[in-house]
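Engineer: Listed below, chain by chain, are the residues.
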Amino acid sequence: MYSLNSGVKTSQRIRSFLIVLGLVLVLALSLRASRFELHKLFTGASQSAELVREMFPPDFSNFLEVLRLTAETLSVGFWGTFLGTLLSIPLALLSASNTSNRFLYPIARYILSLLRAVPELLYALLFVIAIGLGPFAGVLALIFHTVGLLGKFLSESIESIDPRPVEAIRSAGASPLGAIRYAVLPQVLPLFVGYFLYMLDHNVRVAIALGIVGVGGLGVELFTAMRTFDYQRALTIIVVISILITLLDRISAKIRGDIIEGRAVNKPYLLVLSLLGLSSVYFIPLEISNLGHRMVTLWEFIVSMYPPDFSTLGIYVKLMVETVAIAISGTFLAVLMALPLGFGSARNIVHLSLLVNLFREVNNFLRAIPEIVLALIFVAAVGLGPFAGVLAIALHTAGFLGKFYAEVVENIDRKPLEAIEATGTSFLQKLRFAVLPQVIPLFNSYSLYILDRNVRAATTMGLVGAGGIGFELIMSIKLFDYQRTATILMVVISTIMLIDWLSFYLRRRTL
Amino acid sequence: MVKFVEVSKNFGRKPVLSGVSLEVREGEMIALIGPSGSGKTTLIRMVNGFVVPDSGEVWVMNRKVEYRSRSALKSIRKETAMVYQLFNLVDRLTTLQNVLSGALGRYNSLMETLLSCMGFFKREDVELAMDILRYVGLEEKAYERVDRLSGGQKQRVAIARALMQQPRVLLADEPIASLDPKTGKKIINLLRRINQEKGIAVICVLHHIDMVREYFERVVAIREGRVLFDGRATDLDEGLLEEIYQLEEEACTA
Numbered sequence: 020m021y022s023l024n025s026g027v028k029t030s031q032r033i034r035s036f037l038i039v040l041g042l043v044l045v046l047a048l049s050l051r052a053s054r055f056e057l058h059k060l061f062t063g064a065s066q067s068a069e070l071v072r073e074m075f076p077p078d079f080s081n082f083l084e085v086l087r088l089t090a091e092t093l094s095v096g097f098w099g100t101f102l103g104t105l106l107s108i109p110l111a112l113l114s115a116s117n118t119s120n121r122f123l124y125p126i127a128r129y130i131l132s133l134l135r136a137v138p139e140l141l142y143a144l145l146f147v148i149a150i151g152l153g154p155f156a157g158v159l160a161l162i163f164h165t166v167g168l169l170g171k172f173l174s175e176s177i178e179s180i181d182p183r184p185v186e187a188i189r190s191a192g193a194s195p196l197g198a199i200r201y202a203v204l205p206q207v208l209p210l211f212v213g214y215f216l217y218m219l220d221h222n223v224r225v226a227i228a229l230g231i232v233g234v235g236g237l238g239v240e241l242f243t244a245m246r247t248f249d250y251q252r253a254l255t256i257i258v259v260i261s262i263l264i265t266l267l268d269r270i271s272a273k274i275r276g277d278i279i280e281g282r283a284v285n286k287p288y289l290l291v292l293s294l295l296g297l298s299s300v301y302f303i304p305l306e307i308s309n310l311g312h313r314m315v316t317l318w319e320f321i322v323s324m325y326p327p328d329f330s331t332l333g334i335y336v337k338l339m340v341e342t343v344a345i346a347i348s349g350t351f352l353a354v355l356m357a358l359p360l361g362f363g364s365a366r367n368i369v370h371l372s373l374l375v376n377l378f379r380e381v382n383n384f385l386r387a388i389p390e391i392v393l394a395l396i397f398v399a400a401v402g403l404g405p406f407a408g409v410l411a412i413a414l415h416t417a418g419f420l421g422k423f424y425a426e427v428v429e430n431i432d433r434k435p436l437e438a439i440e441a442t443g444t445s446f447l448q449k450l451r452f453a454v455l456p457q458v459i460p461l462f463n464s465y466s467l468y469i470l471d472r473n474v475r476a477a478t479t480m481g482l483v484g485a486g487g488i489g490f491e492l493i494m495s496i497k498l499f500d501y502q503r504t505a506t507i508l509m510v511v512i513s514t515i516m517l518i519d520w521l522s523f524y525l526r527r528r529t530l
Numbered sequence: 026m027v028k029f030v031e032v033s034k035n036f037g038r039k040p041v042l043s044g045v046s047l048e049v050r051e052g053e054m055i056a057l058i059g060p061s062g063s064g065k066t067t068l069i070r071m072v073n074g075f076v077v078p079d080s081g082e083v084w085v086m087n088r089k090v091e092y093r094s095r096s097a098l099k100s101i102r103k104e105t106a107m108v109y110q111l112f113n114l115v116d117r118l119t120t121l122q123n124v125l126s127g128a129l130g131r132y133n134s135l136m137e138t139l140l141s142c143m144g145f146f147k148r149e150d151v152e153l154a155m156d157i158l159r160y161v162g163l164e165e166k167a168y169e170r171v172d173r174l175s176g177g178q179k180q181r182v183a184i185a186r187a188l189m190q191q192p193r194v195l196l197a198d199e200p201i202a203s204l205d206p207k208t209g210k211k212i213i214n215l216l217r218r219i220n221q222e223k224g225i226a227v228i229c230v231l232h233h234i235d236m237v238r239e240y241f242e243r244v245v246a247i248r249e250g251r252v253l254f255d256g257r258a259t260d261l262d263e264g265l266l267e268e269i270y271q272l273e274e275e276a277c278t279a
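Line by line, the protein sequences give chains A and B. If you're matching positions, the first sequence starts at 20 in this note's numbering and goes up one per residue. If you're matching positions, the second sequence starts at 26 in this note's numbering and goes up one per residue.
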């Protein structure tokens, strides 16, 4: 005789049943809206295999040119990160409740969330029209998004500092700025550096993707190669991209770890990073000479968007729903893939280090290829439409989630684990009663964060024909129909801000 | 009930236990005392196989503990329950769920394992869990998450989980070291009640000499991996305590 009466009240059980039901419903609708078809996964797999076969052998004939483009991409990434970080510091101070004042605090917060709401690719698209093709538009795009994202990270770390030293310095008669310099900055500096490196890593990935809208660098080259069916040349670029990203990922993770744990920073890694930074100074992409003229064209572009054309608003809202559906389906698939990847690469679950390393390499590889690049490949493999976007987002973010999950699992409290083991349980029961209850809230939180991020990514999938609202956006721009562009941007930004808020709220509740 | 025969254990090159022999009889309640690092915890963890002795034997209920066999270890673990200094509960589960996890060792078949993983427990186990919660006085907290309970309540949940195993031996590793004196006394009192009413043997690692004198009949003192004293708690005099807990420096020169 079995009973489910295992320690949860009936009212609570009904509530969680309703939540699960709601989630399943949303998921089912999303899978439908993103035209998720299981059989396409198999036909797509054979087509992808065919595509991969056509990529061999890679064509290294213009390797020097690829290297030059790599440097260009790196310098867009470095400049965007560097300038964006500088600009984000004052905004972060203004939007942290303990260093700001009553009036500026809400304004700064709002500016940050607005800046963050627009994906880098959309910024780049707009800057390319406004001020012309080239790396400068890319740097500007990175700066805007970096300020929004980093400003939020930094203000959160400023808010979590220990207030006692600040009070001590203030009571000794220091000015607010003095207190910031001598009590706030020393506390947050390690975190600042950590976030800077994280942003750098992130921005170089993005800089590759930006090439697709005409910012230059590796992305353009890849885009042209894919469009002209020159898959052998495309493979060369993909290989270079994954090596570059893996290298940066390793370097920044190592330095970040050193700084946060207060060790001496690994010298060779620091040297490589500085050399990369210096090389980007050489490739200064900022063409400041005709900055005045560019500002005029930017202003003209903004003016030409007014008044927004709402006549096709209904279509845009429908496409935005499709976009969110792509993100939800993609995140769902990513979670499914990340569960085995995450547990597999946790050293306290799998004791075979060969297997752990294998899983970790899979995570790294998946993260290394930007989703817009994956989308290009999947469009070639399974055809135009939202399903390609779902697959691209799923594969890319499975790598992220796999890594996050593994960290969560490795950091669980061992004490209850041993206590459950001491009652004579099996491996499965141990996993269910001592590991799962500890990791599920954090898994939820990370998955929601990724969902939030994926909504942003999904708005860009349309740029390469992988579904969602991005396609309408780029068409409106190509047709110089900027009043419609304005409407689309409004729909995109308001949805992203809504989802951002929703996921923040849900993450708070699940912890 | 539990018998240690000449057990030794080294951690690296450092000897922790050197040839300890000790027998705990059925239904007995004994206190293990001695300075920190003397090997008390190591000794009781040998009973359920979390520490494997380098040499010597451990017998539980007339069966020799086979450390290499997983299934043999599992059956020993089902008979021996353990309570810890920091309670070792699963924070996000409710009191009742934590207590029920003590029954998991009894669910052996694949079907039972799967059902338990989906949250189905045998009805008699749920009733038993409620009875035990009533016994430790936490009935009204059954549906509350354990991270909302106080330290003393948490330790009582941990004891309830241990009782859920229906063990023959209860191992307690400094169960009151992180509780205030009054709450600690209540916990030791509860262990005493369990020992007398249910006839479960209790081996308790403890630092509170006053409580040892009040609640225990037999005391075993361990120092530097050897049994220094094994006798009645009433025989613990100041001279003996001085010898057990003498300062580290003196021990080094000796």
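Note that these hints are calculated values from the structure, not bench results. Model, not experiment: these values are computed from the prediction. Be aware that a few hints might be false.
[What the hints assert, rightly or not] Derived pair list, reagent style DSS-like, types lysine-lysine, alpha-carbon separation capped at 30 Å:
| # | chain 1 | residue 1 | chain 2 | residue 2 |
| --- | --- | --- | --- | --- |
| 1 | A | Lys434 | B | Lys207 |
| 2 | B | Lys147 | A | Lys28 |
| 3 | B | Lys207 | A | Lys449 |
| 4 | B | Lys89 | A | Lys337 |
[Claimed, not checked] Now the in silico label distances, taken between C-beta atoms and shown as ranges:
| # | chain 1 | residue 1 | chain 2 | residue 2 | range |
| --- | --- | --- | --- | --- | --- |
| 5 | B | Phe36 | A | Ile126 | 34 to 44 Å |
| 6 | B | Arg173 | A | Leu310 | 29 to 39 Å |
| 7 | B | Asp79 | A | Asp432 | 55 to 65 Å |
| 8 | B | Arg173 | A | Leu447 | 36 to 46 Å |
| 9 | B | Arg173 | A | Ser190 | 49 to 59 Å |
| 10 | A | Val71 | B | Tyr168 | 53 to 63 Å |
| 11 | B | Phe36 | A | Ser194 | 30 to 40 Å |
| 12 | A | Arg34 | B | Asp205 | 50 to 60 Å |
| 13 | A | His370 | B | Phe36 | 55 to 65 Å |
| 14 | B | Phe36 | A | Asp432 | 18 to 28 Å |
[Said to hold, decoys possible] Some, not all, of what chain B presents toward chain A, calculated at C-beta under 7 Å:
| # | residue |
| --- | --- |
| 15 | Gly127 |
| 16 | Leu129 |
| 17 | Gly130 |
| 18 | Ser134 |
| 19 | Met136 |
| 20 | Thr138 |
| 21 | Tyr168 |
| 22 | Gln190 |
| 23 | Gln191 |
| 24 | Tyr240 |
Note that CB positions come from ideal geometry on N, CA and C, so glycine has one too.
Engineer: Taking the hints in turn, state whether each one holds.
Structural biologist: Consistency of the hints with the structure:
1. Between A/Lys434 and B/Lys207 the alpha-carbon distance is near 25 Å, which keeps this suggested pair within the 30 Å criterion.
2. With a C-alpha separation of about 17 Å, the suggested pairing of B/Lys147 with A/Lys28 holds against the 30 Å cut-off.
3. The straight-line distance between the Cα atoms of B/Lys207 and A/Lys449 is roughly 34 Å, outside the 30 Å bound, and the hint therefore fails.
4. The suggested pairing of B/Lys89 with A/Lys337 is violated, with an alpha-carbon distance near 71 Å, which exceeds 30 Å.
5. About 60 Å separates the C-beta atoms of B/Phe36 and A/Ile126, a value inconsistent with the hinted range of 34 to 44 Å.
6. Taking 29 to 39 Å as the suggested C-beta distance range, the pair B/Arg173 and A/Leu310 does not conform, at roughly 60 Å.
7. The hinted window of 55 to 65 Å between B/Asp79 and A/Asp432 is violated, with their beta carbons roughly 29 Å apart.
8. For B/Arg173 paired with A/Leu447, a C-beta distance near 28 Å fails the hint of 36 to 46 Å.
9. For B/Arg173 paired with A/Ser190, a C-beta distance near 37 Å fails the hint of 49 to 59 Å.
10. The hinted window of 53 to 63 Å between A/Val71 and B/Tyr168 holds, with their beta carbons roughly 54 Å apart.
11. A C-beta distance of roughly 56 Å is found between B/Phe36 and A/Ser194, which places it outside the suggested range of 30 to 40 Å.
12. A hinted range of 50 to 60 Å for the beta carbons of A/Arg34 and B/Asp205 is inconsistent with their spacing of about 37 Å.
13. Range check, A/His370 to B/Phe36: about 21 Å between beta-carbon atoms, so the 55 to 65 Å window is missed.
14. Our hint of 18 to 28 Å for B/Phe36 and A/Asp432 holds, since their Cβ atoms are close to 23 Å apart.
15. For B/Gly127, the interface hint holds, since its Cβ comes within 7 Å of a Cβ in chain A; the closest pair sits about 5 Å apart.
16. Look at B/Leu129: its Cβ gets to within about 4 Å of chain A, closer than 7 Å, so that hint holds up.
17. At its closest, the beta carbon of B/Gly130 sits 3 Å from a beta carbon of chain A; the interface hint therefore holds under the 7 Å criterion.
18. Interface restraint check for B/Ser134: the shortest CB-CB distance to chain A comes to about 11 Å, outside 7 Å, so the restraint is violated.
19. For B/Met136, the interface hint is violated, since its Cβ never comes within 7 Å of a Cβ in chain A; the closest pair sits about 10 Å apart.
20. Because the smallest distance between the Cβ of B/Thr138 and any Cβ of chain A comes to about 6 Å, under 7 Å, the interface hint for this residue holds.
21. Among the interface hints, the one on B/Tyr168 holds; its C-beta lies about 5 Å from the nearest C-beta in chain A, closer than the 7 Å criterion.
22. Given hint, B/Gln190 at the interface with chain A, holds; its Cβ is 5 Å from that chain's nearest Cβ, closer than 7 Å.
23. Because the beta carbon of B/Gln191 sits about 11 Å from the nearest beta carbon in chain A, more than 7 Å, this interface hint is broken.
24. Because the closest C-beta pair between B/Tyr240 and chain A is about 24 Å apart, greater than 7 Å, the hint is violated.
Comparing the model with each numbered hint stated earlier shows that hints 3, 4, 5, 6, 7, 8, 9, 11, 12, 13, 18, 19, 23 and 24 do not hold.
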